[in-house]
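**Student:** Given next are the chains, with one letter for each unit.
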Amino acid sequence: MLDKIVKKLETATKGAVLEQIPVDQDDRLIIDKNMIHQVCRTLKQDKEMDFKLLAELTCVDYIEEETRFEVVYQLYSLSNKYRLRLKARVAEGDSIASVSDIWRVANPLEREVYDMFGVKFNNHPALTRILMWEGFEGHPLRKDFPLKRHQAIVPLRMEIEVKDDPPYNWTKYQKKRKLGLDK
Amino acid sequence: MELEPVWQVVVTLVKIAIMIGFAMTVAAVLTWQERKQSAAIQDRIGPNRAYIPVLGWKLWGLVHLVADGIKMIFKEDFMPVGASRFLFQIAPVIAILPLIISLAVIPFGGVVNINGYDISLQIANINSGILFIFAFGSLSVYSSVLGGFASDNKFGLIGALRTSAQMISYEISQGLTIVGLFMIWQTVMLDKMALYQAGSIFNWGVFLQPFGFLLFFAASVAETKRAPFDLPEGESEIIGYFVEYSGLKFGLFFIGEFMEVVIVSMLVTTLFFGSYHIPWLEWNMVQSWFESMLGAGWLPGLIVAALMILVFVVKVLFFCFFQLLIRWTLPRFRYDQLMHFGWKFLLPLAIANLVITAVIMLMMA
Amino acid sequence: MSDPQKDIEGKELPSDVMEIQLGPSHPATHGIVKLDTKLSGETVLDMDVSIGFLHRGFEKMCEHRDWNQNMVFTDRLNYCSAPANNAAYASAVEKICGVELPDRGQWVRLIVTEISRVCDHLVCVAASVMELGGFSVYLYFIQAREELWFILDKICGSRLTTSMSRIGGQAYDLYDGFEDDIVAAFAKVRQAMEDGSKMITRNRIFYDRMRDVGKISEEDAIDLGFTGPVLRSTGCDYDVRKANPYWKYPEVDFEVPTGDRGDNYDRYLIRMEEIEQSMHIIDQAIEKLPEGNVFIDDFKIFLSPKSETYNSIEGLIHHFKIIMNGPAVPKGEAYFAIESPNGEHGYYVVSDGGSLPYRVRARPTCLPMTMALPELCKGGMIADIVPTFGSINMIGGELER
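Protein chains in written order, with the numbering used here: chain C, 16 to 198; chain W, 3 to 367; chain S, 58 to 458.
Don't take each hint at face value.
[To be verified] Incomplete in silico selection of chain S near chain W, CB under 7 Å:
1. L102
2. V106
3. G190
4. S193
5. E251
[What the hints assert, rightly or not] BS3-like mimics (lysine-lysine), calculated; alpha carbons at most 25 Å apart, straight line:
6. S:K299 to S:K345
7. C:K67 to S:K255
8. C:K59 to C:K22
9. S:K272 to W:K38
10. C:K67 to S:K378
11. S:K211 to S:K357
12. S:K388 to C:K158
13. S:K388 to W:K38
14. S:K357 to S:K378
[Stated by the list, open to error] Okay, the calculated bits of chain W under chain S, using three or more residues with CB under 8 Å as the criterion:
15. 74-81
16. 226-233
17. 248-255
18. 335-341
To be clear, the hints were calculated from the coordinates, so they are not data collected in a lab.
On a predicted model such as this, the values are computed, not experimentally measured, just so you know.
Even glycine gets a Cβ: it sits at the ideal position worked out from N, Cα and C.
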């Protein structure tokens, strides 16, 4: 099934598929971020592939690599009962096309990715924060955002001293993780 | 024989005391009964914790009445900032005042001969009879409308709008369903209606107008704003017209609602179920039997009066029980379905009932 | 989006649009969703849904805790059906490791997931009927759920936050006497369902409140990302247990009910039927349950039993490594989805070979439905919002993690 899909994508959108990784029941395609919109449109509208359900749209922060964010799309085809995962790399400060005109469920999911990671989506109807409150500074799920940070929407009633965690030193932490000494 | 004016005033005061005492007591006990009855339906126990301090009596949860009263008195009584003061404060009073006044014309017994004096067990015998009750009942609509409107709260406003539409619609049906009885008995006065139901059980209103009874009961339950017609105060959807009331003001609304239940039960009993009569038992014979046992004097008349009141009370309590049963069984109507039920279902049926009654009366005459 | 003010001009008496907020604290929105509605009289013209009042940072916290320590966080996602969440998370991580549980482990996972499905559906139906005013039905169903919670209590020690699974198996096996308890409990559940059903299923008032309310078509539902009973009420029969079977579902025989009109009444009927089907599945599973362990043999991933730990040096080393560093999950990523009571509940897990997860993402099953509430409620009345909201089964923990 994955080969068929890659062949169809090659004819419709040249050069979009950068890599294909077949895994049992977990096929993945790495897509060039500039062509993600055409790829998704082809996958949805083709009668044979028929990926009508967008199950997941999320993002992973690979802080040590150059293109930092990887936006992950989880598609499902009801007629073929087949799951497919698309991944596209976005650098920091860069933006990617929004697929909310293809699947309407992408609207809240992309808002959440923007809220949590700071990845901007072009042509999104209303890209605002969804889980955090308007006016929140920072993007919580990034790896360099500390776990405990105090940012209250209503000022505290009592004068207590509030300190942030020390800034998250990713490389130092990573060394500890490799040795398994982070506990 | 007729009493002297002074004694007439005293007797009237005693009757008022009995009537208001009975109605308020039953309304208060209904709050307890609602909780216990719903608990029985829902397979649980209900309130049973409050007890009288020194004696330690629990009284099956009846002490909760006192506890609830004390709680409501001590709650903070606030008014929202933008509310219009006068209307906000007067709305609960309007809820309960017309109901107490309409108790005046309901007979709780017939004419009793106490020591030679004829005393009718009815506070005021006006010749507009039941129309007096309907007139004052419609005044109580203002309480919910003003309460919701004066609260400066959009949910209260929605509740007030729904209330006004609902009450107006169902009052029309309520009035029309009884016109059949007026035609049969040729009177609107409640004590005469009670007299006409003496004797055999088939003189009771429910056998003369069975359909009218069902329609009247449905319309009256809708008037009391209890489930399934409680969308104006739909407690789990929008809170309704008493969203901003607390403390004793809310208590007045609450007791007013139960008083409406009691008054509806009293009306149904008086009109359709023979008021204070036991079928095939004449009260004159009961009185002469007591006179033969105890000799002439105060006692036989008083005992007969007490028996009449007892019969009346039992029937009223049965209908209160029945209304509470309906509340815990049915889900509530949506607003447009409520209007549809009132205007397109109850009203045409009431008019049809009227026409059929008239035709049958013509044919039998 | 069209301006609601212009929509109503010319149709009714001149009036303004009323904006009302069914705010975060409202008894019918289950506490934590803010609906900004624009009304004209009683008709809903437009609605805006705001969420985010219960966001607790599940995904961020998962990156700082061990694989097994995250099990307690997954309990608190869909807190009406915790065993299902646990099992889904554990299966996703086991997919990275490339291990599969022994037979008994898979059957036990199936049984507890189906028990949690019965509990969740009972609560959903009960709450939506209570909000309509039929309070007695709520109490009958909650009492029925109590019977099932006694059983979960006996299995794992807690009723709501069960934490039953671990990476590589179930932490708690079923106890002796489980079959008799299940038979007694199901008799009570069936009795409660019959009592409640008699009061509402053919009740004219209930039918009028739910029929043709909250309608949606099949294409719109798939486009908006619905799954679960809400999607099946529109006619599409997507059920992960039948489409991509997992665990031991190919060996049990059950039906998947579908509706045809996509309204609230269909969802109510589908949920009642799914309770029956789940009870049927559990009866079959109890018959087919084999003997054996409920965890895998590889003690680098699952905590070894004390006989191994105390009696062999490898057991001791494995125990030490798991407690200090967590299970040895290799580098990789996986997405695993199960059919939870609300719909397709999937976990996308990324591991970089270290002792902590790199990314854990839980698919919020009820997010598509909640954010599509304007589509379901527009054109209806304000009193229709409440049963529609109840039939979506929005669980706050899952919506906002």
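**Student:** Each hint should be assessed against the structure and marked as holding or not.
**Tutor:** Against the structure, the hints come out as follows:
no., hint, verdict
1, L102, "violated, 15 Å"
2, V106, "violated, 18 Å"
3, G190, "holds, 4 Å"
4, S193, "holds, 5 Å"
5, E251, "violated, 14 Å"
6, S:K299 to S:K345, "holds, 19 Å"
7, C:K67 to S:K255, "violated, 39 Å"
8, C:K59 to C:K22, "holds, 15 Å"
9, S:K272 to W:K38, "violated, 39 Å"
10, C:K67 to S:K378, "violated, 44 Å"
11, S:K211 to S:K357, "violated, 29 Å"
12, S:K388 to C:K158, "holds, 18 Å"
13, S:K388 to W:K38, "violated, 62 Å"
14, S:K357 to S:K378, "holds, 8 Å"
15, 74-81, "violated (count 0)"
16, 226-233, "holds (count 4)"
17, 248-255, "violated (count 0)"
18, 335-341, "holds (count 5)"
Violated hints, in rising order: 1, 2, 5, 7, 9, 10, 11, 13, 15 and 17; the structure is consistent with all others.
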